[in-house]
Structure formats: C-alpha cells, structure tokens
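Asker: Each chain is listed here by its residues.
There are 2 protein chains.
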Amino acid sequence: MSLLVVGSIAFDTVYTPFGMVEEALGGSATYFSISASYFTDNIKVVAVVGSDFPEKYIKMFEERNIDTSGILIKEGQTFRWKGEYGYDLKEVKTLDTQLNVFEDFDPKLSEDHKNSKYIFLANIDPTLQGKVLQKMKDPKFIALDTMNYWIKRKYEALLDTIQDVNTLIINEGEARELSGEYNLIKAAKRIFSFGPERLIIKRGESGVLMFAGNSLFCIPAYPLENVYDPTGAGDSFAGGFMGYLSKTEDFSEENIRRAVVFGCVMASFAIEDFSVNRLLKLKKLDIENRFREFKALTYFENF
Amino acid sequence: MSLLVVGSIAFDTVYTPFGMVEEALGGSATYFSISASYFTDNIKVVAVVGSDFPEKYIKMFEERNIDTSGILIKEGQTFRWKGEYGYDLKEVKTLDTQLNVFEDFDPKLSEDHKNSKYIFLANIDPTLQGKVLQKMKDPKFIALDTMNYWIKRKYEALLDTIQDVNTLIINEGEARELSGEYNLIKAAKRIFSFGPERLIIKRGESGVLMFAGNSLFCIPAYPLENVYDPTGAGDSFAGGFMGYLSKTEDFSEENIRRAVVFGCVMASFAIEDFSVNRLLKLKKLDIENRFREFKALTYFENF
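Chains as they are written, first to last, in our numbering: chain P, 6 to 308; chain U, 6 to 308.
No lab work stands behind these hints: they were computed from the structure.
The structure presented is a predicted model; accordingly, all values stated were derived computationally and were not measured.
Each hint should be verified, as a subset may be incorrect.
[What the hints assert, rightly or not] Residues on chain U that point at chain P, a partial pick, calculated with CB under 7 Å:
no., residue
1, Met141
2, Asp143
3, Pro144
4, Phe146
5, Pro225
6, Glu230
7, Ile292
8, Phe308
[As the list claims (entries may be wrong)] Which stretches of chain U does chain P cover? Using the computed rule of at least three CB atoms under 8 Å from a CB of chain P, they are:
no., segment
9, 207-213
10, 250-263
Ideal placement from N, C-alpha and C gives every residue a C-beta, glycine not left out.
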C-alpha cells in the first residue's frame, strides 16, 4: 500500500568523537524513505531541495523505487544542519542551522499523494502537518513526529493536528514536554486524551516503549560495539515501522509489535555509520538476521 | 542450596520529590536477603549492626527463615546513610554517611557459612570480599557487586578478588570505570579478561544487560506509574537473581536468564515504596504475575 512521507531533505555536517562528515545527505524524509524502501516499493516523498541538490541523489531515490515527483527543486540552497555529539552520543549540540529553501516549505500534494494510505508526517511545523492531513482522501494509518521546538512554540496547532493522528512517534523528552508529565505511563495517558490511540516513545539506548490501550511493549536498543552517528536513527525507525506496516497491512497488536522491532532494526543500522552510508548498503538478509538477533537478545522462557 | 550474603545493614534517610523516610531499615544485605527469601529459605546473612539495632528487625529476618547468626551486634551505632534523589530518580546525592560499627567490619564466618554454595559479596571493601572468598570450602556460584569508590581506591585488590568470581553484578558507570571502556560490549570483553565469565550490568530505567560468552541478554526495566525510592533496587535484583538460582541449581543459559527476570521483578517491587516496605508485603503470586507481565511486555513473534 502507498506510503507517503512529508519531511526534510538536508545536508548534515556531523562531528562525533569517532569521526566527522561534511555536507552529507540527511533529513527526515531521506532516512525514512531509504529505511522504508527495504519493505515496500510504493513510497512517495514530499520535500523541498535547493538548486544545489545533486541529481545523483534523486537518482539514488529512484533506483530504490522511491517516487520523487513530490520533491520540489527550488531556486536557492538546500537545508543545511551542523551538529556535534559528545562521547555518550546522547546529547547533540546544534552548531548551525540554515533552513534555506526549507524555510517556507509548503508541501504540494498531487492527486496521487492525496490517495496515499499510510502517511508519515515527519518533524515539520504542525500547521503544515495539519494541512497535509486535511488533504488526505482515505488514509488508513497516520503517524506523526514532532520536536520540543514545536511543542513550545506551536502547542495549540500541534494539539489540533494530532487529534487526527493514529500514532505519535516521539522521543522521551518530547513525550514529557507534550504531556507535562515526567512519568512515561502518565505521559501516555495524557497524550491519549489528545486523540492518538498509540504512542511510540524512542528512548535512545534504552530502546522503545509502545503504549496502546492496555498494551505496553518494550524493546531494548540493540547493543552495538561501534556506534558512529545517531543522526537519523528516529526517522530510520519510523521508516522500518511504517514500511513493514504498509507492506503487511495487518494492524493486530502482534504485527504492530513486529513492525516496531523492524523499526529498531533499521535504527540500529543507521547509527553504525555516518549519514545514510550503512542504510544504503543493506541486504534483506542483514535485516532479517538482525531481527532474529533481537529475538535472541530478548528471549526468555517462562518459569 | 545455601545462599550466603556478606554486606551491610543500615538505617537510611532518603529524600525524594515523592516523599521521605527517616532512619528506615536498609543496607545491601537487608534488601538482598528479604528479596531472596521469596525463593529460598536457606539464606545466611553476615553483617554487623550496632547495639541500637532493634530486636524486631532481627525477628523479622528470622520469621523469613533468614539465618541471622552471622549478624554481629557490636557496641556502638548502626551504619547510617542519608541521601537525596532528584526528580528523575537517577542521580543520588549523598548528604551524610556515618559508617559507625560498619567502619571496621571484619566478616566472621562460621563453619556453616564456609560451607555455603551460593555467595553474594555485596558492595564492601574488595579486600574483605577476597578474605571471605578464600574461606569458602566448595562454592558453586559467586557473584560480586562493587562501586566506583573501590574501583578508584582499591583497584588492585578488586582485580585480585574478581579473578575468582563467576559473575559481576554492577551498574553501567561501574562497568565503564572498571574496564576503562565507555562502550558496554567493549567493557564486557575487558572485564572477562579479569576472570569473571558473566557480567550483569544494571542500567536503572534502561533495564539489565547480561553478557556471558557469546550470549547477550537484554531486558528492559518494568515501566511503573509510581516510583518512590530506587534505594536498594540493585541488591533486590541480586536477591531475586541469586535466590532463584540457588533454588533451581540450574546453570543453563535459559535458567540464568529466568533468574535475571526474577531479579528485575524484585527490583521493580523494591522501588515502589520506601525502604523494604513493598518487599516485605509481597505474595508469591505477585512475583509470578509480574514475571508474566515482563513476558507480555517484551514478547514479539517472529516475522
């Protein structure tokens, strides 16, 4: 089933204690769509890039059967971000943000886009997310990401938008800020009162917590010996999650948990190298094997 | 099989944003033995208390079939500790430590103690831990906890002692400091080179990681809506782990994983109230139900 992502395409400059990368391909729509492309070949990207955006990247998307007709090429420079991680790779310090053509991003949707069944609204202005949602004709599953910046500055617009969203995919700090609750169980209850029926909380090296009704699912992050760059882990998670879900179209709790595990699998690959380098080199078997490793990692027998 | 713990008995004064408790029963041997008492009735405690230690607590241990013949009552005051937790309950600020009779604790072991098969060396001076170990006649399973204080000040003595230990049960920061490696997989490899064949890393709300040979087991912490006091969670974990293991005497990876889950179950109860209040009130069924909840929390099907 068709999977639409509305988000950013960017050039990231990232410094970590383990190396650095300059003006590398990044952005939420990039990580999401590459990650999802291992599960489905029906992905459409809506984003904006500048006239400096190399044709080779458009080709790369297309070779992965990612529909790029929604990538608007606008006179000017592509969005650029520069950040630095500390030794624990937990906190990132933004050194520079140049929104460039992304500053007045106004997602244009074709009829084809509007007919998408699975929609991921990556982290952009909640007013724009809401506008996209209103244009959807018969969506089946809508997931949304946001960030503290919008929770602080556009709280009302965000609440308006998430009313119509099935699933929030946000991190721990965002869940706390959005709900005003430190405890994550309390945070989930509060967020359910805003509309969403499912909350997926990304917790970095603590893994992922998913709340839905009375069901609670918790999966640790995959322990890796070498982590290079956590940039894009969350969007790679969302790509694996939504990619698997749109392929299987099975909303049973059992299958949604499986989708979460595939999300964690994709996030674990994303952080093993800078930019999308590792994500681009995967084989289906790598993904399946890591899923099995997650099973071996977490499995225990009843007493 | 007989289970011996050598550790502290203390009076804790604890402040958290959710309340406080003054001079409440605490100490590693206390949390450990009460936790383990739900699994086995063959527990022996070696510790020291002052002449101010109320008889009712000795009785409480005995009513749980915990052998208190190794609790030395010494002229003077019992060990006292005062600490304050912040809102996230992660970091504790020690406000006051009065070692009192614990200052020159010198574990005295009876013949019966020396014949113990399962031994937990709670966090005390590694030189004392080593002396205890040397007196053991035919131990089957030895686990050891320590802390940054000893890693810094008694590194050589600690390395000497852990040579003969099967399993280290330490927290994330301690694993990093002991190994000199930030990454936990690298930390585990280094620690294995010191002698132990198994490493259990307690990670607070990130749960527990267990390394042994090529096996890696990861279990999240149980998400709780109300957490009051994390004091003693680690020793309650160790009590559940060693208690279950000494009862079942099965060192298969499968059973040791189960023991880790029982450890997590007991830790999750310990933090639901101040001091040992919650731990004292448990029923067997509470423990079994929470084990099942851990299963439900972490379970997913293969793809």
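Asker: What hints, given by number in increasing order, does this structure fail?
Answerer: 1, 2, 3, 4 and 7
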